[in-house]
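Chains as they are written, first to last, in UniProt numbering: chain Y, 1 to 993; chain B, 1 to 101; chain P, 1 to 417.
Among the hints, a few may not be true.
[As the list claims (entries may be wrong)] Once the Cα atoms are required to be at most 35 Å apart in a straight line, the calculated DSBU-like pairs of lysine-lysine come out as:
| id | chain 1 | residue 1 | chain 2 | residue 2 |
| --- | --- | --- | --- | --- |
| 1 | P | Lys17 | Y | Lys508 |
| 2 | Y | Lys284 | Y | Lys326 |
| 3 | Y | Lys921 | Y | Lys908 |
| 4 | P | Lys267 | P | Lys288 |
| 5 | P | Lys288 | Y | Lys385 |
| 6 | Y | Lys689 | Y | Lys830 |
| 7 | P | Lys288 | Y | Lys137 |
| 8 | P | Lys392 | B | Lys23 |
| 9 | P | Lys216 | Y | Lys137 |
| 10 | Y | Lys137 | P | Lys392 |
| 11 | P | Lys2 | Y | Lys141 |
| 12 | Y | Lys167 | P | Lys154 |
| 13 | Y | Lys432 | P | Lys392 |
| 14 | P | Lys29 | P | Lys154 |
| 15 | P | Lys64 | Y | Lys432 |
| 16 | Y | Lys141 | P | Lys154 |
| 17 | Y | Lys388 | P | Lys17 |
| 18 | Y | Lys877 | B | Lys23 |
| 19 | Y | Lys921 | Y | Lys904 |
| 20 | P | Lys2 | Y | Lys137 |
| 21 | Y | Lys508 | P | Lys2 |
| 22 | P | Lys17 | Y | Lys432 |
| 23 | Y | Lys487 | Y | Lys432 |
| 24 | P | Lys64 | B | Lys85 |
| 25 | Y | Lys28 | P | Lys267 |
| 26 | P | Lys29 | P | Lys53 |
| 27 | Y | Lys878 | B | Lys25 |
| 28 | P | Lys17 | P | Lys64 |
| 29 | Y | Lys432 | B | Lys23 |
| 30 | P | Lys267 | Y | Lys167 |
| 31 | P | Lys408 | Y | Lys904 |
| 32 | P | Lys154 | Y | Lys385 |
[As the list claims (entries may be wrong)] Coverage of chain Y stretches by chain P, computed from C-beta distances (three or more under 8 Å per stretch; other residues unrestricted):
| id | segment |
| --- | --- |
| 33 | 185-198 |
| 34 | 573-585 |
| 35 | 851-861 |
| 36 | 890-898 |
| 37 | 910-917 |
| 38 | 922-931 |
Calculated from the structure, these hints are not laboratory results. Note that the Cβ used here is the ideal one computed from N, Cα and C, for glycine as well.
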Amino acid sequence: MASAQSNRLAKGGLIDRNAPLSFTFDGKAMIGYAGDTLASALVANGVTLVGRSFKYHRPRGILTAGPEEPNALVELRSGARREANTKATTAELYDGLDALSQNRWPSLGFDVMSVNSLLSPIFVAGFYYKTFMWPAKFWEKLYEPAIRRAAGLGRTSGIADPDHYEKAWAHCDVLVVGSGPAGLAAALAAGRTGARVILAEEDRLAGGRLNSDGGEIDGMPAGEWLAGALAELEALPNVRIMTRTAVFGVYDGGTYGALERVNDHLPVPPVHQPRQRLWRIVAKRCVVAAGAIERPIVFSGNDRPGVMMASAVRTYVERFAAAPGKRLALFTNNDDGWKTVEAAHRAGIEIAAVIDSRKDLSQHHRALAQSGGFAVHNGVVVDVKGGKTGVSGVEIALANGGSAQIAADVLAMSGGWNPSVGLSSHHRGRPKWREDIAAFVPEGAPAGMLSAGAANGDFSLSACLRTGHEAGLAAASDLGFKGRAGKAPAASDEAISISPLWHVEGRKKGFVDFQHDVTASDIALAQREGFESVEHLKRYTTLGMATDQGKNSNVTGLAIMSELTRRSIPQTGTTIYRPPHVPVAIGAFAGHHRDENFHSVRLTPSHHWAAERGAVFVDTGLWKRAQWYPIAGENDWLTSVNREVLTVRNGVGFCDVSTLGKIDVMGKDAGAFLDRVYINAFASLAVGKARYGLMLREDGIVMDDGTTSRLAEDHYFLTTTTAKAGPVMQYLEFCRQVLWPELDVQLTSCTDQWAQFSIAGPKTRDLLREIVDPAEDLSNEGFPFMGVREVRLRGGMFARLFRISFSGEMAFEISVPARYGDAMARNLMKAGEPFGVVPYGTEALGVMRIEKGHIAGAELNGTTTADDLGLGKMMSKKKDFVGRVMAGREALTAPDRQVVVGLKPVDKARRLRSGAHIIPKGAAVGPDTDQGYVTSVCHSPMLGQWIGLGLVERGRERIGEIVRAHDPLRGEDYYVEICNPVFYDPEGGRQRG
Amino acid sequence: MRIACPFCGERENGEFTYLGDAKPKRPAMVAIDGGAGAPGEAEAFYDYVYLRDNFAGEMSEYWYHGGGCRSWLVIERNTLTHDIKSVRAAPGAGAAKAGAK
Amino acid sequence: MKYSIFSLARAALSGHKNWPRTWRDAQPKSHYDVVIIGGGGHGLATAYFLAHKYGIRNVAVLEKGWIGSGNAGRNTTIVRSNYMLPGNTGFYELSMKLWERMEQDLNYNTMMSQRGIVNLYHSDAQRDAYARRGNVMRINGIDAELLDQAQVRKMMPFLNFDNARFPIQGGLLQRRAGTARHDAVVWGYAHAGDRLGVDIIQNCEVTGFTRDQNGKVTGVETSRGAIGAGKVGMAVAGNSSRVAAMAGMRLPIESHVLQAFVSEAIKPLIPGVLTFGAGHFYVSQSDKGGLVFGGDIDGYNSYAQRGNMPVMEDVCEGGMALMPMIGRVRLLRQWGGIMDMSMDGTPIIDRTPIDGLYLNAGWCYGGFKATPGSGLVFAHLIATDTPHEEAKRFRLDRFQRGAMIDEKGVGAQPNLH
């Protein structure tokens, strides 16, 4: 049963009374109106207790009406969409909204953890650094779990976020952040000149404090002027207004991060629509008109529900027609607080009293008190009476030494205003203290950024309008826009007077950081213990580390510290302002890059064909490669792989090897270029020949290997490993563009342009003859090992044919334009049917390469030299090459280096595993006897046992030695024999046959 | 950061890959006869490969536009502020210069 | 005053009015036996061990700002000893053992919490690499377990096991790994060192070195005047090249920016430390409840202490790919630290060619876990002029000798380490 909106004012407010919305808070059903926030609806329903603080679990109410809210955080929504720590003050009300209070158990009214509040004499700032040390094991087992359970705020769902997020770019000349009077004036001025303007407003409505404070602009009521200004901006084609969009960070080069809450005001985003959108706005200039945040005063009981920022009271009354109480007292040190009394009085709320810490009362305020029939006390609030659900009265210490008690159910407080200097300080600018307004203003803002209005310390409406206009105009004219900006909107000047008051000594706790329960006495303790630097203060007490990031508390905290240390506020300094200025959902930064779409997928030319055949795929980088092709009756991978290997070794098979990196190296100096990047010679390679090449990094370590062919005098076709295709291309371009621009050579990546298949096995020629034009000579004489040439296929198409072999069998690689890859796979399958052809995957490929002792990624691990890999002899002694000099360093040529060898278990039935370490037989296991490890393994159907390659100290001198394969991780320890890494056909006769 | 590629226009830095200080110059390729290199080459390469000025301030750096035209760029950038003063193409970047010497 | 629950309770009775400073506000003397430049974790730990273990108590730690203002105060607080290469394995385990008794040694609760680290693998090749690594750890007497997918799932059911682009196959677990409260480590060493007589001098920026006619370092020039020293140790991560340049040295180091992130506090969600094997993302949850996470370095030289959006997005993409339940958790704060990236990803702890000047640098983004170990071995080096047994490979000349310690195998390209 919905409760009545007991505190809803009879009229006014920017709410739609014809659109009632039902919602629940802690299971209790209530009604609000369209236009409400959750907080304003709670206020309208007379709810005062909404949350519990972080450390002491103290009862808390709503403090503010904006994104800086530290207290009124809720778990919004339920199920997978449950979001923790949502500020009731910014959550737009929708029909069916459900919210739970958080950080309490079992209920908000009765929270067991509020016992912490009783222990607060011990639980002072940093108490945990001084205890929980004994016994040592108790930390993880007892103390920490208890602390972790008590800490934290809301609960996440623990379920994948069902909503979508997207990312977008926007570009403009002038970005205006904030659409209050200053922002509107800036957008109007810049927009009128013709500049492309984006006006970003965090709120649902443009207008900023105009929606709460009203006033008169250009002779009309603020609301009327606002409507006109928005209409003009909307009519300008060069201006874009983005509401519900918070600019949260300034990055380099005029890049601004912004979050648009596209559908957070709905229960569930409409189909195919994102919940939120992350904007990267590139702006040549930026006008920050983000306003200011009113700051609390620290006094006993200032955290009791019912104590509210004066400006927030005004917002609830004026914008939402919701009365935070029936009898209001104001505690202020400045003129602005008085506006709350005016607004409340207008709305028919009884004014109990104004407590002003300043001695002199203005004529205007005196008259106001008279007409309102309330007392004005020169003094301070020393205590707030009441219970956990609200205020009943305040105790005042009068400046004249007396005291007074006042009955009230809401206490509005105003300690002055802090300009929003977050964005302007994101590039480590340190804000400047202005004594006249007792506040920091922007200084050292990022290039191209101006601040205007309250964000720059210009608090009055007239100053906001004027400085906003000036900033918008300055930004646009700086960019050369010359259109007429018109006149600045005008309002009458108001008095802005403040006399700083940070902290009132009292008997009980006075809170500086509400959410984190940092009190004035905590700051004193920190100072006493030497944590005087503001950064130490923050870290020791957690001041400013809550979800509001100190927006309510930082300046007050450092002001109190400055009083304690007798340094000035500017000497005391501020902590560093970091993005994001408002917290942003992690999902928004990720956008669509999650689940299967985390990274893109690269498919080989034969992928769809392979998928049709039921291939099992494996991720290699971004590629999906066929790992093996099971056939009917095969239930385990090893059976399939063994069959594929045996078929290749005895008949013929083919494998899509298109993922290898391919680079065309062309030009008069292509050979000379390759001579420099490979350790072996390529300039001397004959046209129509291929050669295996190895390249080193400049530090002498092997970078990559591959087969490179000479297709013409000035055209080489270079291949890289799959993993290094990108890095090698980048490296070669560096060599070409930076190191040796004088060489006449061009590089073109063509990895994606060619489909390439390895066809291997003794029946390769039989199969190829079905594919290739019969006129082509494929005999050993007509197409010798390592030969390369273009051939005509049956049907007239051309293909490149390379007689190279990774498997050790008689083999060719055939290469056709990628779009014919699928057809080629089907053709090979069909033409090979009489010869029993099989497609084989990366597993069989791997088996055959290990049987042949070929190195791959596990051996090319970025720490091995050419000699480690058994390829030292390839290093040319007749020419210079990259890596030559550094490869000669003593530790890289030491005789005891780990080098590639073959390994096979002595017990033939044993499975060998990669990652097992090599320990000499009979030696104790330890770091000194760890002599290497197994790099690659396979089950060799040819040898009928598991075999592998390994890197073993002095391995080549130890062929035949029996050593231990030590694998404690998997509880295994067995003997293996060190052997020649070429297990199969060591003479290499098969590939030349 | 926004980098104004001379070929592609202004792009965000995510499209680019950084290599590092553009000041060190690779010792020249030398003629090799039976394995002997140039005198002092070990020290010269140590300096080239490993030592850095690592300024806090303006540096001249190599960047690669891998997400665009694959050009290597020489960028003058301030490591304290990330401000970019100039961007120019490496000597061999851009269109083929037939017979370039 | 000794810290304990009893002293706390006693202090509560007097309203905590009698706590002394955690460390004295020392004024610089004209001469010290040893001056350590850099009041971060490493510098303060070095001073502590000099005083505690090597009996050298006439020591000053000079800090240009407030202690812990560098990387000690801007990291993701991970402690582990899961290194693979000779030189690293033993050193990080030495450090781990010091972490395990730090609170009792220092009488300061640094909240070392051994909740474990899991490095996920997503391919056979990654599994093999972790098997190699885990076996090295076991051979060195360090705990390590290789988990399969089911075991990972049991520990962390919230990971994306169902529709991931790169499915999780398993992980390498070190149970003794965990996190510690980074600021408390700084304060703890300051507190303990101070009690042994170490002078901690804040707001004292070193502007140069003084040398005698033989070139030996005799002290430092500072913003608070000249300070003489028998020996000078540099532990200035983020400023190593700049301070070394004052002594005319160039280092095999580049300074890069690494961003880190923290979310709003939420109730306990993630048990230990977790690293994604198919993207740049690692995460833990602080005792306060925030998810503390990071990823790859931005990749360009920087002293700006801030990063840019591409990497920020990349990190969050990794996070969402790994555990899509964090989509609605809000990122609260991001920051950037200056990483002194060495040319092989491994630190340098060595004497320098300049007599009297000692170097501790090049920790890349892994210096926090090394804090106690680094302090001990650096103190050993300074006190004895010989490298500590577990730091003997961290030599400055290893690049000339070709004896790199390159765990990632990417060579002299600091931004890839």
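Which constraints among the numbered hints does this structure fail? Numbers only, ascending.
2, 9, 13, 14, 29, 32 and 33
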